[in-house]
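**Q** Listed below are the residues making up each chain.
There are 4 protein chains.
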Amino acid sequence: MAMLGFIGLGVMGSRMVKRLLDAGHTVTGYNRTRAKAQWLLDLGMRWGATPRAVADASDVTLSMLTDTAALHAVTGGPDGVLAGMATGKIYIDMSTVSPGASRTLASQVAARGARMLDAPVSGSVSTLEAGKLSIMVGGERETFERALPILRDIGPTVTHVGANGLAVSMKIATNLNLGVQMLAFSESVLLAEKSGIPRATAVEVLLNSVVASPMVTYRGPFVLTMPDEAWFDVTMMQKDMQLALEMGRTQNVPLPTTAVTNEMLTAARAVGLEKRDFAVLFEVLARMAGKAG
Amino acid sequence: MAMLGFIGLGVMGSRMVKRLLDAGHTVTGYNRTRAKAQWLLDLGMRWGATPRAVADASDVTLSMLTDTAALHAVTGGPDGVLAGMATGKIYIDMSTVSPGASRTLASQVAARGARMLDAPVSGSVSTLEAGKLSIMVGGERETFERALPILRDIGPTVTHVGANGLAVSMKIATNLNLGVQMLAFSESVLLAEKSGIPRATAVEVLLNSVVASPMVTYRGPFVLTMPDEAWFDVTMMQKDMQLALEMGRTQNVPLPTTAVTNEMLTAARAVGLEKRDFAVLFEVLARMAGKAG
Amino acid sequence: MAMLGFIGLGVMGSRMVKRLLDAGHTVTGYNRTRAKAQWLLDLGMRWGATPRAVADASDVTLSMLTDTAALHAVTGGPDGVLAGMATGKIYIDMSTVSPGASRTLASQVAARGARMLDAPVSGSVSTLEAGKLSIMVGGERETFERALPILRDIGPTVTHVGANGLAVSMKIATNLNLGVQMLAFSESVLLAEKSGIPRATAVEVLLNSVVASPMVTYRGPFVLTMPDEAWFDVTMMQKDMQLALEMGRTQNVPLPTTAVTNEMLTAARAVGLEKRDFAVLFEVLARMAGKAG
Amino acid sequence: MAMLGFIGLGVMGSRMVKRLLDAGHTVTGYNRTRAKAQWLLDLGMRWGATPRAVADASDVTLSMLTDTAALHAVTGGPDGVLAGMATGKIYIDMSTVSPGASRTLASQVAARGARMLDAPVSGSVSTLEAGKLSIMVGGERETFERALPILRDIGPTVTHVGANGLAVSMKIATNLNLGVQMLAFSESVLLAEKSGIPRATAVEVLLNSVVASPMVTYRGPFVLTMPDEAWFDVTMMQKDMQLALEMGRTQNVPLPTTAVTNEMLTAARAVGLEKRDFAVLFEVLARMAGKAG
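Chains as they are written, first to last, in our numbering: chain A, 1 to 293; chain B, 1 to 293; chain C, 1 to 293; chain D, 1 to 293.
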């Protein structure tokens, strides 16, 4: 069992550490707010005083952060992850950040003799807890193979998609479907409901149909009862849609359904729904259709 | 076991009859071209000379037809299904037709003392053969319950969605997701591919992700190798999108992703791809992105 | 001066008759409600008891009706325009109807030895009253030339666009711009306003810019004060957008901006704004942006 | 007559200087490439060795640049415009840059005792040469009034829209209409042409209709003959659409027609048309419709 480090112990990160501890790994963790990590310390996780301290103590350091700015914050400076990188070490960032930022960081890690992988995940908290998370990995194949057993302890499906940065690209390309599928699902439910079919029946039929992706299966029922706490809020969803639209412009790929859905997410924020789960797209459309969401 | 009739022995209909025969029912069948039904006659299906003859010989008559015009053709006139309806009989139409046409026919059936159900299905040939078809049913609950055992022999998930015509409405509302999910999936694959990820890898990752609906799972690989024969061609897909857009106008539901996808289906027809499976939306987008589909 | 007939004395039709009377023509008019025509009778217009009576009394009969159904109502049957057609007569329909219906009628008129032109107009009541109406004409060139002096008395710009039905096609193709330009204009005004520019200033700047079409010039100020009476209501506008979308499917032309705008017109109807001028698209968008329209 | 300076003597800037010289002003000019300015020097324009030299020699300095990066290049550093600002001087930037960048610069100018205005224009070279340019101005009213006579010598319509940065915001809000109107116009022309109307006739009718904005009037004929040199190329148009979409996200305004049109501009770049005038949107749509553009 390797000495592991983990930076960013939020909703997803903390549960990943739990799985790594359960698998028998030694994990040194770091989080901006230590209090949130107490339950993991109680389970045996060690504490690192800074991101660099985590990297110093570990063969393989992982991170799970909100965005590109957070990645820069924990990797740069004298207390950052980069300062703790040395020959033979591996740094695996699992955040969804801009592909360019990820590639730049990989070069900086390599300059210190270490190797980096970008390893974003597909799936939510429930997928993770059910042990069904998919992980995409970008970076050298040799490094990928060294990291594979560790990543498999987090989720069973680990796919090497190509060079550094490409896993993040793949993640962003994947995520546009979340928003679009949710909006199309909302169109279906409202059409059915205004035709005279009870909303719950419409949801049931759709969840038994060929369009029921895992995402639709767990998020579809939100149009009946919205969860108090967002699984993935409008702001986060729109951040990913924006990254996709930027990639579309850079790579010259027109994205008609993504562009249309993104404007509906703007409409959600415009009426104060930015902190709700992005399933609230249903409510945005319902209001346009003159119906309570 | 009831005496059953079945009109319309095409790709879907014939396989339904096969399942009904396997379940031990006596089935009298009718198809415009008798030759296509030979394999079913070899399996013990009886032949009805006209739709009316089928209805005369059966307690429950089912039909599976291409569109509203075909429905009118087999139900009207002296040789039609309607002429064979009598007290206590049931007519179940499984086609995707306009909700209004279905409701009108149900009244005509009721006027003859019989009862009609609209029972469109969600799923393709492979879903049907795998015994996983979902069936939505519109009509009186009592009639629904009488028909339930027979429908369960076709597919395991049978849901009563409401009064006559509502199952067809639900089916149309469901089907808009097929086109939209396929276009969004195409956006993802092209984004990934133009970023440097092999197309096959992109498809693999997407099929392991939370956006992989059953439809995406069986149709997604078509962007690697398009099938020679369409499972559901552009013309058929656009027919359903049109029915959805018409319902949207009637019921006052804006359908942004449906409307955008429908224009891409028009683009597919404009360049001569109307007979290909609607997965060819990928190629339409690929051409816009300056890339071979 | 020729003997003229005019059927359909609504807002547009009545003002056309006024211009024809002013130009010195003898006009026999017909309207479903005679009372509405009193002011024209006072100006010297003669009354025809039926559409056929008008056609019998006239060398050239014109009509201006709401839709295809109204056209069928006044042309068919023993009292209809067709029954009054005879060798050498001309029938000019100025309504916006389906191109197919217009072409069929032209054949029926020709079968009686007469000739038909479709001659829809571009412009509203104010354009007409200002003597600036544009008229597009479909039909034989010879007939067009015979009718030209009369049409010029209605509006100065008369263009022969091709065979029967093509003027209506051109009109429908033109009108999609009305809805799209209005929605794009609304996007501009809301962007400016939410950035801190007074709405009236934004409108003023836009009306002085290169995007100020005549339509934008007279309808743009409606976002400051909506008129009590619609110039062209949401229902009428959507009727034209639908005709355009139907043509797009028939002729295989993708119409991305038309399709998107059409869904916003549906949203307007969904919240009860169907009788307002279609400039109310601004309010639909303003509500989505969390702002009073 | 004031002592004027002008930085950026490209297609638009040089013709503005010509108008200022014609109006009797003394103008000191600067351009990265001096050769391009020879004709203005021949007309009496003085030469400034650096942007700062221009500002030093002038009461009012104007600039007309391609983008935000170019603005930073000529205003910053020891040779930049800022270094030449002093109490009582005015700096007027007429470029289309990000509203935030413009506001920041205005603060820096104010910190040196001078005042800045953002004064972008609506209209193209031909509008400018015809003396019909519209100018929007952001900044203090008092400064606006001092600058008004000079701006009127460039174009007749000068509108104060509000505080610093708001004129640029208004300009961006205006420009989204260019792309959208051009795409809607293209939909119309293709619909008409595929229905059987000659393309030239369709353009003529549209140019005589109520949708003929000045932009449509001069750019519409490009669908008959594309100019060798772009008036405003796809890359420039998309830069403005992007600025609009960014404002939309910041100000929470959904922009459905802008978003859809922007994806079509991406499609234009994807097939190598990025240097053509953005009227090439017609060709993008024509290819989708299976027709030569």
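Among these hints, one or two may not hold up.
Identical copies look the same in the list; a pair holds intra-copy or inter-copy alike.
Derived pair list, reagent style DSBU-like, types lysine-lysine, alpha-carbon separation capped at 35 Å [what the hints assert, rightly or not]: (1) 36 - 132; (2) 18 - 291; (3) 291 - 36; (4) 275 - 18; (5) 132 - 239; (6) 275 - 239.
Think of the hints as simulated: they come from the structure by calculation, not from any bench.
Computed from a predicted model, the values in this text were never measured in an experiment.
**Q** Treating 35 Å as the Cα threshold, decide for residue 36 and residue 132: within, between, both or neither.
**A** within (25 Å within a copy, 45 Å between copies)
**Q** One pair to classify: residue 275 and residue 18, alpha carbons no more than 35 Å apart. Within, between, both, or neither?
**A** within (27 Å within a copy, 52 Å between copies)
**Q** Have a look at residue 275 and residue 239 and pick one of within, between, both or neither, based on CA distance no larger than 35 Å.
**A** both (13 Å within a copy, 30 Å between copies)
**Q** Is it within a copy, between copies, both, or neither that the alpha carbon of residue 132 lies no farther than 35 Å from that of residue 239?
**A** within (24 Å within a copy, 37 Å between copies)
**Q** Reference check for the pair residue 291 and residue 36, CA-CA at most 35 Å: within, between, both, or neither?
**A** neither (40 Å within a copy, 39 Å between copies)
**Q** Checking an output row: residue 18 and residue 291, CA cutoff 35 Å. Within, between, both or neither?
**A** neither (43 Å within a copy, 44 Å between copies)
Against the hints set out earlier in the document, violations occur for numbers 2 and 3.
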